[in-house]
Structures are given as structure tokens and as C-alpha cells.
Amino acid sequence: NPTTIYGGKWECNTQVNGIQILGATHITIDHINMRNFLLYGIQSTSTSAIYIYFSWIGSHYQYTANYTSSVGISVTSSDNSFIGVRVFGAWTGFDLQGGGDTLINCHALWSSSDSTEYDTSVGFYLHGIHNLIKCYSDGYATAFKTTGDTEYLTDCWCQWWSGLTGKQVAME
1 NPTTIYGGKW ECNTQVNGIQ ILGATHITID HINMRNFLLY GIQSTSTSAI YIYFSWIGSH
61 YQYTANYTSS VGISVTSSDN SFIGVRVFGA WTGFDLQGGG DTLINCHALW SSSDSTEYDT
121 SVGFYLHGIH NLIKCYSDGY ATAFKTTGDT EYLTDCWCQW WSGLTGKQVA ME
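Quick note on numbering: the sequence shown equals residues 1 to 172 in my numbering.
Among the hints, erroneous ones may be present.
What the hints assert, rightly or not - Simulated crosslink set (DSS-like; lysine-lysine; CA at most 27 Å straight-line):
(1) K145 <-> K134
(2) K9 <-> K134
(3) K145 <-> K167
(4) K167 <-> K134
None of these hints come from the bench; they were simulated from the model.
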């Protein structure tokens, strides 16, 4: 049966994970505001698709952006949908390990002025084939990183504004 998590503010109080989905099917997450996770905002190792709409997955930089393993959204399944999702303060914004995902109007926002390991930060890390429409990476050292598969990016862009120097790459 489908499961829906709708609305609300999720204060993770620096717990390791905000939402962890293990083995569930057809999960919808809609209109949530999550903050202060340490490792994963949303992590899904489910084999079924998840759908995330109009949500803010973030953290204050003092907890997350200095933690180089933190990921806003990490999914291993395929055929997921993300619409209007904002990730803030994670070292990697989106880590999509399956394939066939569609992202529309998604935004990965870098939030730290710490340059210690800035060159390893990634806005969108894409494994497999994905379809991104009007998505943007804001301030990450690498905006879009792929594993060599074909990616479809339509009207996507990136920008750097933090004043940090070093690596600044649109597509790797």
C-alpha cells in the first residue's frame, strides 16, 4: 500500500538521519520542512520509487555543511520523482544511485563559508540515467557530477557566489 508523509516541520536535533526508508513501497513525501540532520536528510534503500514534492530538506551549516559525508537526499531505487525540492546545507545535495529519476525545479544550495574540503562538494551526483528539468546547483564546487551515463538536463544551471576559491565545475 502507498504511504504518504504530509506536512510539518521536522527538527532532527542533529540526529544522524531525518527520514530513513527501508524496504517500503510507493512512498510520497509532501510539503515537509526538515532541518538539522547530520548524515542524511532523506535516505531510501527501498527498491520501489519514492515521490518528494515541494519540500525543504536542510540544515544549519554549523551541523551539516562541515560534515563531508552529509547528503540531503540519497536514493538507491529507480523511477523516483522530485518536484520543487530544496536541499540546503548538505555536502552532497542529491545522490541518485538508481536510474530513470525525474527532477523538476529542484535546487541544491551550498551554505558554508568553510573551504576545508569544499572541492569535494557536489550539488547533484547522478549514477545512472536521469531527467533533470529546470534544476540548479547553487554554490557547490561541482554542480552536476555523473558516473558517465547519459543524463538529460533541460534548462538547468549553476552559479557560484560564496567567494570560495578552488574547484568550480558545472559538469563532471
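Sort out whether K134 lies within 27 Å of K145, counting only the CA atoms. Holds, at about 16 Å.
Has the given pair, K145 with K167, been kept, meaning a C-alpha gap of at most 27 Å? holds (13 Å)
If you draw a straight line from the CA of K167 to the CA of K134, is it 27 Å or shorter? holds (23 Å)
Hinted pair, alpha-carbon criterion (27 Å max): K9, K134. Please report holds or violated. holds (26 Å)
Checked against the numbered hints above, the structure breaks none of them.
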